[in-house]
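Those protein sequence lines, which keep their order, are chains A and B.
To convert, note that position 20 of the first sequence is 20 in the working numbering; the numbers rise steadily by one, no gaps.
To convert, note that position 102 of the second sequence is 102 in the working numbering; the numbers rise steadily by one, no gaps.
Since the hints were made in silico from the structure, they are not lab data.
Check before you lean on any hint, since a few could be wrong.
[Stated by the list, open to error] Between beta-carbon pairs, the in silico distance windows are:
{"id": "1", "chain 1": "B", "residue 1": "T164", "chain 2": "A", "residue 2": "V183", "range": "25 to 33 Å"}
{"id": "2", "chain 1": "B", "residue 1": "R85", "chain 2": "A", "residue 2": "V291", "range": "56 to 64 Å"}
{"id": "3", "chain 1": "A", "residue 1": "T28", "chain 2": "B", "residue 2": "V31", "range": "41 to 49 Å"}
{"id": "4", "chain 1": "A", "residue 1": "G57", "chain 2": "B", "residue 2": "A137", "range": "52 to 60 Å"}
{"id": "5", "chain 1": "A", "residue 1": "L35", "chain 2": "B", "residue 2": "R245", "range": "22 to 30 Å"}
{"id": "6", "chain 1": "A", "residue 1": "K149", "chain 2": "B", "residue 2": "P226", "range": "55 to 63 Å"}
{"id": "7", "chain 1": "B", "residue 1": "P226", "chain 2": "A", "residue 2": "Q136", "range": "49 to 57 Å"}
{"id": "8", "chain 1": "A", "residue 1": "G41", "chain 2": "B", "residue 2": "S170", "range": "24 to 32 Å"}
{"id": "9", "chain 1": "B", "residue 1": "L229", "chain 2": "A", "residue 2": "L35", "range": "21 to 29 Å"}
{"id": "10", "chain 1": "A", "residue 1": "L35", "chain 2": "B", "residue 2": "P226", "range": "35 to 43 Å"}
{"id": "11", "chain 1": "B", "residue 1": "I238", "chain 2": "A", "residue 2": "P84", "range": "25 to 33 Å"}
{"id": "12", "chain 1": "A", "residue 1": "R128", "chain 2": "B", "residue 2": "V31", "range": "41 to 49 Å"}
Just so you know, even glycine gets a beta-carbon here, dropped at the ideal spot from N, CA and C.
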Amino acid sequence: MEKGVALSPISTGRTLENRSAITVEGLTKYYGNLLAVDHVGFNVNNGELFGFLGPNGAGKTTTVRILTGIIHAEGGTGLVMGYPAGSLPAKQLSGVVPEQANAYVDLSAWDNLILMAELYRVRLSEARFRAEALLQKVGLYEKKDNLVKTFSLGMRKRLIICLALVSEPHVLFLDEPTSGLDVQSTRLIREMLRKLRKEGKTIFLTTHNMDEASELCDRVAIINHGKLVAIDTPERLRIGAGRFHVVEIGFERPVAPEILSQLQNVDKVEGTGNKIRIYTENPCGLVASVVDFTRSHSLTMVNLNIQTPSLEEAFVRLTQEVSHDK
Amino acid sequence: MTNRSVVLDQTRRSLAIAKKDLRVYYVKGPVVIFGVLMPTFLFLAFFIGRQMPLNSLIPGLLGMAVFFTATAVSPVIAPWETQARTLERLASCPVAVWTILLGDMLASVVFGIVISFVPILVGLITGASIHHPFILAAGVVLAAFCFSSLALIFSFPPASSPATIMMLSSLIKFPLVFVSGVFMPVAELPAWAKGIASFSPLTYFTEVARYCMGGISYYPPSLSLPLLLMVTIVFWGIAVSLHKRTLPRRL
């Protein structure tokens with residue numbers, strides 16, 4: 001954890017704009033014989049909200065722990081704002097929200113924040129101002145003097161986000177920030193992430209939650225068995241990875257699925273009676289065929305709905321492909 | 001930043017860690033009571049029934065108090081923080097391994113110095129006199145640093161259970177007390193025991209305390225104080241080097 005030189009936030013002497021916030025090349029980590037991270041490489045742009053997805057044990061947390069300097073990689077390089085990951089200057093510019101809420105439970109929320117500010121050498125008057133604003137933002141100001149041991153999981157998670165933000169980091173690493181939380185806490189954290197994104201912070205978010213990734217992230221990377229299997233915008237991943245679109249059609253009266261399976265561009269037909277689900281690789285072509293069919297059979301369509309593949313479908317397909325390759 | 005300003009910057013951060021340690025681990029009734037009672041009872045168990053002058057008794061009690069308090073809590077901070085995952089928090093902050101250790105050591109030093117007032121006050125109340133207060137103060141401070149850096153060596157195994165580290169440190173601490181001239185002045189020990197005592201840093205502090213309180217001192221402060229400083233530097237270097245190796249295994 002000790003590389004490079006210490007640095008105060010105001011004396012970096014480097015221009016922080018116009019470059020990648022995080023650069024990773026050939027990152028490799030073994031746990032014994034297990035290859036946990038296998039030559040992973042990617043870039044995260046300044047001000048980007050970057051999602052890092054993967055099934056359990058895929059290597060997400062290991063990657064975050066390397067980039068935040070908690071553990072060392074056996075190979076490859078990781079740079080945070082141009083500094084080697086794990087070096088003191090890189091840590092000075094980063095804020096970390098680990099998966100487990102790890103504030104000091106025998107200290108109050110306020111004292112935890114002041115401690116973190118002191119560890120990042122934030123001036124006391126500034127630290128107090130920021131601590132107050134952050135606690136108010138997450139609805140914990142009234143409980144600022146309570147010991148953290150009296151806090152619920154949701155309150156602890158909200159507090160550790162404040163702990164990561166008190167130094168006003170350029171890059172924020174969050175490992176499963178909403179995992180196990182109630183709806184209110186989840187919504188509050190997602191809203192905070194949106195605001196931080198607007199403020200220009202670079203956010204590296206690992207999550208299991210596909211809706212969360214789809215809703216929040218500018219780009220996502222998918223990791224499986226330690227290997228990066230895809231990296232793109234959620235929209236492109238959905239379209240690119242999901243071969244089949246689903247076209248849901250409702251007719252005024254029952255139609256036999258066997259008849260519809262004869263149409264052009266149909267891969268599979270499901271459903272009975274009035275409501276039919278058709279799987280296709282060419283939704284536009286299929287819709288044209290269905291319209292011709294309804295006209296020629298004097299039918300009336302009461303509903304037509306084209307469903308693009310979800311990020312979850314793309315994720316399942318990409319992670320399964322790698323599993324099968326293995 | 002120059003190396004000097006990096007050291008200064010990191011030292012300031014270590015003060016935050018020391019403050020946190022004092023609040024979380026030291027300023028607790030049971031810890032303070034243990035720090036005072038443990039050496040007192042152990043000491044009384046050996047001295048009751050024996051006719052010993054105050055200038056021999058109080059330095060021994062002072063030596064035990066500083067030794068036990070400065071080594072009581074700091075060995076278990078690392079396993080405690082490993083268990084609570086707060087060590088991971090510290091590791092992700094812009095602090096070096098030595099910064100964390102310095103913070104732990106400073107808290108332990110403060111605790112050791114504060115508790116040293118108890119036997120000194122007991123001595124003054126019961127009629128002992130301090131002939132060389134400044135030398136005694138220097139001895140207490142050096143001894144607190146020395147024993148605290150020794151305590152950091154106890155905590156280097158990457159165990160997450162405080163009990164494991166407590167057991168390991170007790171295995172070293174108790175025998176060390178018996179060979180350090182605490183219960184009997186070094187000058188009165190047989191030659192072979194003098195030889196063993198010369199390897200313990202506690203011997204040199206007890207000798208300084210004996211000298212300052214007018215008792216028989218085998219080693220003069222001009223030898224004991226530089227030796228305590230030298231041992232502190234060696235223990236500190238060993239502790240930092242060992243922790244650098246084992247800290248990643250705790251995370």
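Right, here's what the structure says about each hint:
no. : hint                         : verdict
1   : B/T164 to A/V183: 25 to 33 Å : violated, 42 Å
2   : B/R85 to A/V291: 56 to 64 Å  : holds, 60 Å
3   : A/T28 to B/V31: 41 to 49 Å   : holds, 44 Å
4   : A/G57 to B/A137: 52 to 60 Å  : holds, 57 Å
5   : A/L35 to B/R245: 22 to 30 Å  : holds, 23 Å
6   : A/K149 to B/P226: 55 to 63 Å : violated, 46 Å
7   : B/P226 to A/Q136: 49 to 57 Å : holds, 55 Å
8   : A/G41 to B/S170: 24 to 32 Å  : violated, 50 Å
9   : B/L229 to A/L35: 21 to 29 Å  : violated, 48 Å
10  : A/L35 to B/P226: 35 to 43 Å  : violated, 53 Å
11  : B/I238 to A/P84: 25 to 33 Å  : holds, 27 Å
12  : A/R128 to B/V31: 41 to 49 Å  : violated, 29 Å
The structure fails to meet hints 1, 6, 8, 9, 10, 12 from the earlier list, while all remaining hints are met.
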